[in-house]
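Visitor: Here full-length UniProt numbering is used: position 20 in the sequence shown is 20, and no number is missing along the way.
If you are wondering where the hints come from, they were derived from the structure by calculation, not from laboratory data.
It is possible that some hints are incorrect.
To be verified - Below, simulated BS3-like cross-link-like pairs (lysine-lysine); rule was C-alpha separation at most 30 Å, straight line:
#, residue 1, residue 2
1, Lys55, Lys40
2, Lys66, Lys80
3, Lys11, Lys21
4, Lys25, Lys11
5, Lys14, Lys25
6, Lys55, Lys66
7, Lys126, Lys140
8, Lys95, Lys111
9, Lys95, Lys40
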Amino acid sequence: MVRHVKEAIQKEEKQREANQKNRQKSLKEEERERRDTVLKSALGNENKGFALLQKMGYKSGQALGKSGGGIVEPIPLNIKTGVGGLGHEELQKRKAEERLENYRRKIHMKKQAAEDAADQFRMRFKSKQEERKIEGDLRKSQRACQQLDTQKASAGETYRDRENFACDWDLEYLSRSQLLQYHEGRQMV
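All chains, please: the whole structure from these sequences, using the hints.
Guide: Quick look at the structure:
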């Protein structure tokens, strides 16, 4: 059983190799092969342009120019095989670069927005903590005032009897904003 499978695989491989050898190459493939072989070979003395360069002092393998700092290799041949038209590739490259730049800008904006949101969250959290601390301080001072009121009441005098009392335990019935205003006013004094 295994032998039959191996023989079938070998037969298919031989058939593929035979097809590859007998296959007629397309016109484009033949042109490419001929072009590559010609471009790989150096120009000979029979070439008029090369003969003129040699008369002017050029030697094979030498760089171009007076100082010898020019190019050594010939300018590569770029054959356009597509049907897009002249300048179409540059347009596509430019559009791709613009899309990439827009994507980078969008990523940068998202990153900046995330940082701003985090900063705003920290500021809100900090202000809430400060507000809670102020309210806690106010509650403590109210309790202290209430305790002093009860101590003075037992002595016969209350802070309510005075016109300018320092603290009033009834402040706990005020709204939150009124408490903050009261506390800020007390800090200024």
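Visitor: Run every hint past the structure and note whether it holds.
Guide: Comparing the hints with the structure gives:
A threshold of 30 Å between alpha carbons decides the hint, and for Lys55 with Lys40 the separation of about 24 Å falls inside it, so the pair holds. A C-alpha spacing of about 33 Å is found between Lys66 and Lys80, which places the hinted pair above 30 Å, so the restraint is violated. Pair hint Lys11 plus Lys21 holds up; C-alpha atoms about 16 Å apart against a cutoff of 30 Å. Between Lys25 and Lys11, the direct Cα distance comes to roughly 24 Å. Compliance with the 30 Å bound is thereby established for this hinted pair.
For a cut-off of 30 Å, the pair hint linking Lys14 to Lys25 stands: about 19 Å separates their Cα positions. In summary, the hint linking Lys55 to Lys66 is supported, as the alpha carbons are separated by about 15 Å, within the 30 Å threshold. Under the criterion of a C-alpha separation no larger than 30 Å, the hint pairing Lys126 with Lys140 is consistent with the structure, at around 21 Å. Proposed proximity of Lys95 and Lys111 is supported: the alpha carbons are some 24 Å apart, at most 30 Å.
Pair hint Lys95 plus Lys40 does not hold up; C-alpha atoms about 35 Å apart against a cutoff of 30 Å.
Going down the numbered hints, you'll see the structure goes against 2 and 9, while the others check out.
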